[in-house]
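K.L.:
Given next are the chains, with one letter for each unit.
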Amino acid sequence: MSAQRLVEQFETLEKQDHAARLAMWMFLGSETLLFGALFASYGYYRGMYPSGFVQALHHNSVALGTTNTVVLITSSFTVALGVHFIRENKARLAAGLLALSTAFGAVFLVVKGFEYAHHIHENALPAGMYSFVDQPPAGVVLGYTLYWFMTALHGLHVIAGMIMLAVVAVLCWKGRYGTHRYVAVENVGLYWHLVDVVWIFLWPLFYLTD
Amino acid sequence: MISAHVTTPKLIGSWIALLVLTFLSFGISLLGLGEAELFIALSISVVKTFVVLFIFMHLVEQRFANRLIVILTFLFIALLVALTVADPLTRKTFPPRPDPAANPYP
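Chains as they are written, first to last, in our numbering: chain U, 895 to 1104; chain R, 930 to 1035.
Quick caveat, the hints were computed from the structure, so don't treat them as lab data.
A hint or two may mislead.
Straight-line Cα separation of at most 35 Å, DSBU-like style, residue types lysine-lysine; simulated pairs [said to hold, decoys possible]:
| hint | chain 1 | residue 1 | chain 2 | residue 2 |
| --- | --- | --- | --- | --- |
| 1 | U | Lys1068 | U | Lys1006 |
| 2 | U | Lys909 | R | Lys939 |
| 3 | U | Lys984 | U | Lys1006 |
| 4 | U | Lys909 | U | Lys1006 |
| 5 | U | Lys909 | U | Lys984 |
| 6 | U | Lys1068 | R | Lys1021 |
| 7 | U | Lys984 | U | Lys1068 |
| 8 | R | Lys1021 | U | Lys984 |
| 9 | R | Lys1021 | U | Lys1006 |
Facing chain U, a subset of chain R residues (Cβ under 8 Å, in silico) [claimed, not checked]:
| hint | residue |
| --- | --- |
| 10 | Trp944 |
| 11 | Ser954 |
| 12 | Phe955 |
| 13 | Ser958 |
| 14 | Leu960 |
| 15 | Gln991 |
| 16 | Leu1001 |
| 17 | Leu1004 |
| 18 | Val1014 |
Per label pair, the in silico range of CB-to-CB distance [to be verified]:
| hint | chain 1 | residue 1 | chain 2 | residue 2 | range |
| --- | --- | --- | --- | --- | --- |
| 19 | R | Gly963 | U | Leu932 | 40 to 50 Å |
| 20 | R | Phe1023 | U | Ala914 | 49 to 59 Å |
| 21 | U | Ala931 | R | Thr1022 | 22 to 32 Å |
| 22 | U | Glu905 | R | Phe1003 | 39 to 49 Å |
| 23 | R | Ser972 | U | Leu1047 | 34 to 44 Å |
Bear in mind the structure is a predicted one, so any value in this text is a computation, not a measurement.
Think of the CB as a built atom: it goes at the ideal place given N, C-alpha and C, for glycine as much as any other residue.
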């Protein structure tokens, strides 16, 4: 096991870890604001075209959306357990849990892929590519455009999170992290939880409410 | 090192709570409550977010500096969404939306 290296600008490892954690929270804050702008445009257009918007969302499969919610919440739970066990120096167990979380991420993407395939088949596509209904009421196209943009941006975050989870899982297995060193695992976990939180809001907005 | 307050039973409890809230949200959506539905669904989402933030993301055991960032982010998003949505919801004296006849879809 390699001990954590104290870099020049910090007095103690504790301060160094705090700086890493604080920076991650700031990054997550800016990520949330990126999604926040999209949530604001969602609210704007839903307020402007209430009926057309809801008509677009009615077409989404609540069963698949809810499945994905359960999958992501469970993956968040396994990540939290992984972080918990790496702190207790159970590196192999933590590696297994992080790998399991990566697999849950893949399940999420497969389910989302089925939904996308269905939408593509029906030509329920964003903006100028839309041709699902010939004369859609105003707002339907905007609803689909925001649906695609917000879920696809979230999907990209899932892919990024899966890559990072896989990397820390391998490094945990190799014994790089443990009680002496785990901030990187924590920070990757924080990123994954953010992905979960964004979906916790996307799910009611695009699947549940009418 | 931070003393760990988040224990395995707390993590399992949070997971179960999140699943219960998910199915609660799903069940309420079937009732067809109309206008109130969106508000209730988003309120449940906010509660779920707090569970994730404080237990899964260990915010409960971290310094105030980290919590401050979360508080500020929430305030900024609330401000952004509230001011943006206030426009279409309060239009009284001019057309609430563009005329579709003037801008037909391609």
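K.L.:
Compare the structure with each hint and give your call.
P.N.:
Structure-based check of all given hints:
no.: 1; hint: U:Lys1068 with U:Lys1006; verdict: holds, 32 Å
no.: 2; hint: U:Lys909 with R:Lys939; verdict: holds, 27 Å
no.: 3; hint: U:Lys984 with U:Lys1006; verdict: holds, 33 Å
no.: 4; hint: U:Lys909 with U:Lys1006; verdict: violated, 41 Å
no.: 5; hint: U:Lys909 with U:Lys984; verdict: holds, 24 Å
no.: 6; hint: U:Lys1068 with R:Lys1021; verdict: violated, 64 Å
no.: 7; hint: U:Lys984 with U:Lys1068; verdict: holds, 12 Å
no.: 8; hint: R:Lys1021 with U:Lys984; verdict: violated, 62 Å
no.: 9; hint: R:Lys1021 with U:Lys1006; verdict: violated, 40 Å
no.: 10; hint: Trp944; verdict: holds, 4 Å
no.: 11; hint: Ser954; verdict: holds, 6 Å
no.: 12; hint: Phe955; verdict: holds, 6 Å
no.: 13; hint: Ser958; verdict: holds, 4 Å
no.: 14; hint: Leu960; verdict: violated, 11 Å
no.: 15; hint: Gln991; verdict: holds, 7 Å
no.: 16; hint: Leu1001; verdict: holds, 7 Å
no.: 17; hint: Leu1004; verdict: violated, 11 Å
no.: 18; hint: Val1014; verdict: holds, 4 Å
no.: 19; hint: R:Gly963 with U:Leu932: 40 to 50 Å; verdict: violated, 25 Å
no.: 20; hint: R:Phe1023 with U:Ala914: 49 to 59 Å; verdict: holds, 51 Å
no.: 21; hint: U:Ala931 with R:Thr1022: 22 to 32 Å; verdict: holds, 27 Å
no.: 22; hint: U:Glu905 with R:Phe1003: 39 to 49 Å; verdict: violated, 32 Å
no.: 23; hint: R:Ser972 with U:Leu1047: 34 to 44 Å; verdict: violated, 24 Å
Going through the hint list in order, the structure does not satisfy hints 4, 6, 8, 9, 14, 17, 19, 22, 23.
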